[in-house]
Amino acid sequence: MGQIKIIKKKNQRFLLYKSTRNEMILRKDIDVINSYFSDNMMSASYEKKHNQVYLYYCLDDCISMYEFFGMMTVNRKLFITLLRQFVDFLKVIDEKSMNPHKIIFDPNMVFIIPSSRKLKFIYVPTEYSFFEDTATDFLKNIIGDINFSFHENNNYINEFLAIINENEDVSMYRIELFVRKYRNTNSANGRVSNLLVNESIKKRCPICHAIINSSEAFCSSCGSRNMSNYVGHYIFRRSNQEKIFITKFPFLIGKIENINGYFVRDNELVSRNHLKIYYEDGNYYICDSGSTNGTYINGRRLKEHVKYEIKNGTVFFVANEEFIFYV
Numbered sequence: 001m002g003q004i005k006i007i008k009k010k011n012q013r014f015l016l017y018k019s020t021r022n023e024m025i026l027r028k029d030i031d032v033i034n035s036y037f038s039d040n041m042m043s044a045s046y047e048k049k050h051n052q053v054y055l056y057y058c059l060d061d062c063i064s065m066y067e068f069f070g071m072m073t074v075n076r077k078l079f080i081t082l083l084r085q086f087v088d089f090l091k092v093i094d095e096k097s098m099n100p101h102k103i104i105f106d107p108n109m110v111f112i113i114p115s116s117r118k119l120k121f122i123y124v125p126t127e128y129s130f131f132e133d134t135a136t137d138f139l140k141n142i143i144g145d146i147n148f149s150f151h152e153n154n155n156y157i158n159e160f161l162a163i164i165n166e167n168e169d170v171s172m173y174r175i176e177l178f179v180r181k182y183r184n185t186n187s188a189n190g191r192v193s194n195l196l197v198n199e200s201i202k203k204r205c206p207i208c209h210a211i212i213n214s215s216e217a218f219c220s221s222c223g224s225r226n227m228s229n230y231v232g233h234y235i236f237r238r239s240n241q242e243k244i245f246i247t248k249f250p251f252l253i254g255k256i257e258n259i260n261g262y263f264v265r266d267n268e269l270v271s272r273n274h275l276k277i278y279y280e281d282g283n284y285y286i287c288d289s290g291s292t293n294g295t296y297i298n299g300r301r302l303k304e305h306v307k308y309e310i311k312n313g314t315v316f317f318v319a320n321e322e323f324i325f326y327v
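Under my numbering, the sequence shown has 117 at position 117, and the numbering climbs by one with no breaks.
Please note that the accuracy of each hint is not assured.
List time: in silico DSSO-like cross-link candidates among lysine-lysine, alpha-carbon distance up to 30 Å [what the hints assert, rightly or not]:
#1 K311 / K255
#2 K255 / K9
#3 K48 / K5
#4 K48 / K140
#5 K102 / K49
#6 K8 / K311
#7 K5 / K255
Read the hints as simulated data drawn from the structure, not as lab findings.
In this text, all values refer to a predicted model and were calculated from it rather than measured experimentally.
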């Protein structure tokens with residue numbers, strides 16, 4: 001099988017599949033995936049060099065499922081929306097008699113457009129492409145990485161886990177029935193599952209004294225949406241004097257719009273997924289996500305993918321942008 005990597009080309013991000021030598025492209029399949037028969041299929045352009053096929057899938061506006069779930073709190077409505085797309089996509093693949101083993105089901109290479117919540121799968125239409133991860137593997141791999149919302153009845157999670165753990169191969173028909181059952185359910189009508197709430201991150205609202213989660217910016221009990229009643233955390237951006245409120249953890253700083261975080265529009269030195277701020281076991285941490293120009297505290301560049309504790313008043317630099325963290 002060929003090689004897969006993420007590249008930049010003319011200021012765009014692509015997933016590149018580079019075939020083995022003398023591997024043929026399946027023209028019927030490439031025509032199908034570029035016919036927009038499914039909103040969830042990523043289209044591809046290709047070229048031949050030195051008896052090899054180069055397939056390019058544009059990743060602009062996309063992030064991986066792992067990235068998405070690392071930044072979002074997922075409620076029942078969103079979970080069912082994503083699962084419904086997954087089921088519908090598999091049905092179309094079957095209807096078109098396409099080979100499911102040519103789909104990349106690795107969650108690092110299944111993508112989503114955060115602004116539209118649209119899933120994007122990659123199908124590799126070459127002669128020898130074959131991926132071991134299956135649709136079953138995808139479901140079992142992602143479920144442990146989802147940060148589910150506590151503000152609703154969570155019985156659906158246990159029901160879903162029972163389905164995917166029932167057999168070695170998950171019944172997609174059972175998954176489809178599960179989606180039908182819940183797709184019209186209003187997630188806001190559920191109650192909080194006391195078994196799933198982490199007691200260590202509760203606190204009291206200073207306005208009405210109701211118990212709330214520390215990851216929540218506003219108290220839902222007293223109903224106030226006034227910023228003066230803010231009960232969470234924020235960062236201060238020095239260059240434009242902006243106060244940025246952190247409503248959920250982990251909190252991303254980078255160049256990804258419409259997701260839990262802060263989008264730095266006006267500084268090209270800031271990377272797409274630059275860093276995240278975490279709250280764990282009563283402490284706050286900052287973690288560089290592998291940025292190009294680095295994250296700094298006290299003039300020292302932080303190691304990539306290592307969490308460093310921060311406290312009230314900690315000054316840190318995102319590339320050359322100064323921020324201050326406040327609790």
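(request) List, from low to high, the hint numbers that the structure doesn't satisfy. (result) 4, 6
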